[in-house]
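First to last, the protein sequences are chains P and W.
Per my numbering, the first sequence starts with residue 24, numbered consecutively.
Per my numbering, the second sequence starts with residue 24, numbered consecutively.
Among the hints, erroneous ones may be present.
You can't tell identical chains apart in this list, so a pair holds if it fits in one copy or across any two.
As the list claims (entries may be wrong) - No farther apart than 27 Å at their CA atoms in a straight line, the calculated lysine-lysine pairs in the DSS-like style are these:
#1 K314 - K336
#2 K363 - K382
#3 K382 - K176
#4 K363 - K43
#5 K176 - K314
#6 K363 - K336
#7 K42 - K366
#8 K366 - K43
#9 K197 - K43
#10 K363 - K61
#11 K382 - K336
Calculated from the structure, these hints are not laboratory results.
There are 2 protein chains.
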Amino acid sequence: MEFNFFMPVRIVAGDNCVKKNAHLFAAFGRRALVVTGKSSARNGALEDVVWAFNQNGQQYEVYDAVPQNPTVACVEEGARLARGMRADFVVAIGGGSPMDAAKAVAMLARQGSDGSIFTREISADVLPMIHIPTTAGTGSEVTPYAILNNDEKQTKTSISAPSLFPKIAFLDAKYTAGLPLPVTVNTAIDAISHAVEGMLSVRAGELSDAVARESLGHLFSAYGALRGGELTHADRCELLYGAALAGVVIANTGTTPVHGMGYCLTYFHGVPHGRANGLLLPAFLRVCARKDPARTARVFAALGMDADAFADKLAALLGSRECYADATLRDYARRAAANKNIKNCAVPMEEADLYEVFKASVGA
Amino acid sequence: MEFNFFMPVRIVAGDNCVKKNAHLFAAFGRRALVVTGKSSARNGALEDVVWAFNQNGQQYEVYDAVPQNPTVACVEEGARLARGMRADFVVAIGGGSPMDAAKAVAMLARQGSDGSIFTREISADVLPMIHIPTTAGTGSEVTPYAILNNDEKQTKTSISAPSLFPKIAFLDAKYTAGLPLPVTVNTAIDAISHAVEGMLSVRAGELSDAVARESLGHLFSAYGALRGGELTHADRCELLYGAALAGVVIANTGTTPVHGMGYCLTYFHGVPHGRANGLLLPAFLRVCARKDPARTARVFAALGMDADAFADKLAALLGSRECYADATLRDYARRAAANKNIKNCAVPMEEADLYEVFKASVGA
Chain P
24 MEFNFFMPVR IVAGDNCVKK NAHLFAAFGR RALVVTGKSS ARNGALEDVV WAFNQNGQQY
84 EVYDAVPQNP TVACVEEGAR LARGMRADFV VAIGGGSPMD AAKAVAMLAR QGSDGSIFTR
144 EISADVLPMI HIPTTAGTGS EVTPYAILNN DEKQTKTSIS APSLFPKIAF LDAKYTAGLP
204 LPVTVNTAID AISHAVEGML SVRAGELSDA VARESLGHLF SAYGALRGGE LTHADRCELL
264 YGAALAGVVI ANTGTTPVHG MGYCLTYFHG VPHGRANGLL LPAFLRVCAR KDPARTARVF
324 AALGMDADAF ADKLAALLGS RECYADATLR DYARRAAANK NIKNCAVPME EADLYEVFKA
384 SVGA
Chain W
24 MEFNFFMPVR IVAGDNCVKK NAHLFAAFGR RALVVTGKSS ARNGALEDVV WAFNQNGQQY
84 EVYDAVPQNP TVACVEEGAR LARGMRADFV VAIGGGSPMD AAKAVAMLAR QGSDGSIFTR
144 EISADVLPMI HIPTTAGTGS EVTPYAILNN DEKQTKTSIS APSLFPKIAF LDAKYTAGLP
204 LPVTVNTAID AISHAVEGML SVRAGELSDA VARESLGHLF SAYGALRGGE LTHADRCELL
264 YGAALAGVVI ANTGTTPVHG MGYCLTYFHG VPHGRANGLL LPAFLRVCAR KDPARTARVF
324 AALGMDADAF ADKLAALLGS RECYADATLR DYARRAAANK NIKNCAVPME EADLYEVFKA
384 SVGA
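With the rest of the complex left out, here is chain P (with noise of 0.2 Å):
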């Protein structure tokens, strides 16, 4: 027994948890920016939140020009909306993109946009926050993490500091009803990725991999609805749940090569995130299991199914493959060796071994 578990996020969840929770919002203060995307605020989320802000006689502004993979731009953006209208806290709705960005805005309207984003030491000095996720997947409502483009490094990258993580997260399932089916299979994929990666992380412990066991539990309880293509709202609360749990279990483990080498497919070709992960985590897991069977093998119980089970089960949702060439292939290998969560991985992973994986998963 060896780990270091924090998880300072309320979770409120349940139908219509932001009106019921209304109260809940005064603590924080007199003027709220709400940080969302175009279609974001169109699932009912944000008439909550406004009803919300109005019991409390609460003012607000939407700042809802986050785009699908967010840059330093907008934040900075962001941030001065922020900082013009003095706001006290911050409101995410959306997916990961808004609620990453939401992160960065509170941090940058408090500590200042000076083009170093990416590098600086984050203090506590952060606007609190309220993260209301319309997808399931991300489970940016319970990290400490916000992912950005980094064209610099032409990839994404992540900022991270305990003063990022939400004061609150609410769930309610019926934000993600009027998903379209892609981005609602793509999303659980993501969360099933993170609840995979955590327990491969060097960070995993008793706690997140018991975490992740549920999780993996719920979200795999819905996945004849995600086959079929015919969610319930049943099926809505059991993926949202569950990508909240894998949240929580990232929180504490960060994510682990897949992450990286997915982000290349995303940066360069437009791969949704959830989906990047998904064409490469099985094979990335026989890797796992060839050089590591023992803690592979937990992850297996842990799905409840074996390698064969596993990958065509990810395949029935992925549907046809992308395709890239061998020379892009190897660069990208090249790419994510260099990511940070290489060293996070409890299986030590090469070079070879990440083009390996790009070969089997996407490979022409």
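Could you slot chain W onto chain P? The hints should help.
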């Protein structure tokens, strides 16, 4: 899915975790008050903490006069010491009594002792705390509760506020190695009671239930060792971890009438707290099963046994029972029915039910 889950304590677990993580103490300031009991300080924990202070160049004083069931006078004395030395933080070392007392000390040191400890509003202004359990039972290291003798009301009364959560809990089972067997057994039963009662709370939810199931798995994995009276270090790790998880449960759910009833046996007869709960728990579960079979069946599923098997297992640990006269038990049922944790039970309990539980458990 409807719940509100909050667990802001960083849990650092493992062999020699205090010394390995001495740097974590440094963030809390220059002067620490250590709150402990006469025997709690004799298991190596105080030496490790002092080693950490010395590493960090921190000053400290030790208040080791916390009695078995802490009194208001004792926590007021501790608060005077903390103010006198201008303590920046409090380190609690011990079982439930020193850990609970430390919370009251940390609060009173900042908010003043005016005799209103059981009725005042507790603000956020509390000295930060680091808790180091030396028994595996109370879970106080991860809860916002402090339970003190309330002589005016002739019972034990809990004070509670989000600011009473410790900042860090260090779990090292070596500190529990020298405990007398009855203390190990009684505290383990207390933890079992926490996990079970948490599942029967009106505030129980998916996540607290999941933690309760995990907790019971670890606690009962050491059952054979508890029964046989020979515990390995691995057994003690299981108990310490299981007890902390059970603490996470009650931090979110509170306790039920079992605790309210048990306080009578502790306050008037000195029955150890965990033992008092264990004497009452099986009969309490039988009443619950009669009134709400579906909910109670989930508890037995989590325990992996039925009502009879659970009663037998506890009976084997408890040995010969205390017995009290009928009039005494009627009085205790009346007292327990007035305790606030009655309303916290998802299975409605009347005074007659409590009497039935007392009679079946410790009737003459």
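Status of each hint after checking the structure:
no., hint, result
1, K314 - K336, "within (23 Å within a copy, 43 Å between copies)"
2, K363 - K382, "within (21 Å within a copy, 63 Å between copies)"
3, K382 - K176, "within (23 Å within a copy, 72 Å between copies)"
4, K363 - K43, "between (41 Å within a copy, 24 Å between copies)"
5, K176 - K314, "neither (30 Å within a copy, 63 Å between copies)"
6, K363 - K336, "neither (29 Å within a copy, 50 Å between copies)"
7, K42 - K366, "between (43 Å within a copy, 25 Å between copies)"
8, K366 - K43, "between (43 Å within a copy, 21 Å between copies)"
9, K197 - K43, "within (14 Å within a copy, 45 Å between copies)"
10, K363 - K61, "neither (32 Å within a copy, 48 Å between copies)"
11, K382 - K336, "within (20 Å within a copy, 56 Å between copies)"
The structure fails to meet hints 5, 6, 10 from the earlier list, while all remaining hints are met.
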